[in-house]
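Participant: Throw the hints in and build the complete structure from the sequences for me.
First residue of the sequence shown: 2, per our numbering; consecutive thereafter.
Any given hint could turn out to be false.
Unchecked claim - Derived pair list, reagent style SDA-like, types lysine to any residue, alpha-carbon separation capped at 20 Å:
1. Lys29 - Met143
2. Lys97 - Leu82
3. Lys28 - Leu145
4. Lys69 - Ile154
5. Lys29 - Arg115
6. Lys29 - Leu149
7. Lys69 - Gln131
8. Lys60 - Asp49
9. Lys60 - Lys97
10. Lys29 - Lys97
11. Lys28 - Gln131
12. Lys60 - Trp151
13. Lys29 - Thr118
14. Lys97 - Thr81
15. Lys97 - Asp8
16. Lys69 - Leu145
17. Lys29 - Gly121
18. Lys69 - Gly121
19. Lys28 - Val148
20. Lys29 - Gln131
21. Lys97 - Trp151
22. Lys97 - Asn87
23. Lys69 - Arg115
24. Lys97 - Pro30
By construction, these hints were calculated from the structure, which means they are not laboratory data.
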Amino acid sequence: MSRAIFDNVTHAIVGGLTWAVILNLSKKPLIQNFSSIFLCFSLSSFIDIDHFIAAGSWKLSDATHLEKRPFFHCTTIPITLWLMLNFYSSVFNHPKFSYYSWIILASFLSHHIRDGTRRGLWFCPIGSTQPIPYYLYLSMSMILPHVLQWLMIPSMHEYKSSDNETLIDIV
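Facilitator: Structure follows, in C-alpha cells:
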C-alpha cells in the first residue's frame, strides 16, 4: 500500500515540477500561476483513478493487480485530446482551451514516461514500446518541459484570466 501511495505522490510531484519548469522557461511568475502548477500536479496523480475503475473495486490490491493497462494509460488519449482542444481553441478563438491542453499533455506525458519504465509507452490501438530504461526515463523527464515549452513558443501570447493569473495563450 505504501508503495502505491509513494508512486502516486511521485507522479504528482513530477507533473507539478514539469509545469513549473515550463512556466519558468516561459519567464512566467510561479506564484501567480500556482493554480496551474497545482492543476498539473493533481492531474498527474488523478490519472491512476483508472486502475480502480478498471478493477471495478476501491480495493488497492485489486487496482494494482490488473491483467491489462487501464484506459488513461494509453498515450494516444492525451495526444488526441491535446490536438482536439488546440483545434477547438483555434477555430473558436478560446485560448484557455489551448492553455489547458498543454497542462493536460504535460501531466499525462510525465505520468506515462514514468510508468513507461515498467511496461513501455502504450499507443493504442498500435501497441506498446519496450520498457523505457531508467537512464532514458530520467533524460526524457528532464527534457519534457523543454520540448513542450519549445513547441508552445511559435504563437505564444499572454493574457490575464478572471482570477488574475497569467495564462499562456497559444493560438
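Participant: It remains to establish, for every hint, whether it holds in the given structure.
Facilitator: For each hint, the structure was consulted:
1. Lys29 - Met143: Within the cut-off at roughly 19 Å; holds.
2. Lys97 - Leu82: holds (14 Å)
3. Lys28 - Leu145: holds (17 Å)
4. Lys69 - Ile154: violated (37 Å)
5. Lys29 - Arg115: violated (26 Å)
6. Lys29 - Leu149: Holds. Lys29 to Leu149 sits at ~15 Å (cutoff 20 Å).
7. Lys69 - Gln131: holds (15 Å)
8. Lys60 - Asp49: holds (13 Å)
9. Lys60 - Lys97: Between Lys60 and Lys97 the Cα gap is close to 37 Å, so the pair fails against 20 Å, i.e. violated.
10. Lys29 - Lys97: holds (16 Å)
11. Lys28 - Gln131: Roughly 36 Å between the alpha carbons, so the hint for Lys28 and Gln131 is violated.
12. Lys60 - Trp151: The given pair, whose Cα atoms are some 41 Å apart, is violated under the 20 Å limit.
13. Lys29 - Thr118: Violated. Lys29 to Thr118 sits at ~32 Å, over the 20 Å cutoff.
14. Lys97 - Thr81: holds (17 Å)
15. Lys97 - Asp8: violated (30 Å)
16. Lys69 - Leu145: Between Lys69 and Leu145 the Cα gap is close to 26 Å, so the pair fails against 20 Å, i.e. violated.
17. Lys29 - Gly121: Roughly 33 Å separates the two Cα atoms, so the pair is violated.
18. Lys69 - Gly121: Holds - the C-alpha atoms of Gly121 and Lys69 are around 13 Å apart, at most 20 Å.
19. Lys28 - Val148: holds (15 Å)
20. Lys29 - Gln131: violated (36 Å)
21. Lys97 - Trp151: Satisfied, since the Cα-Cα distance of roughly 19 Å is no more than 20 Å.
22. Lys97 - Asn87: holds (9 Å)
23. Lys69 - Arg115: Within the cut-off at roughly 17 Å; holds.
24. Lys97 - Pro30: holds (18 Å)
The structure fails hints 4, 5, 9, 11, 12, 13, 15, 16, 17, 20 (numbered hints given earlier, in ascending order).
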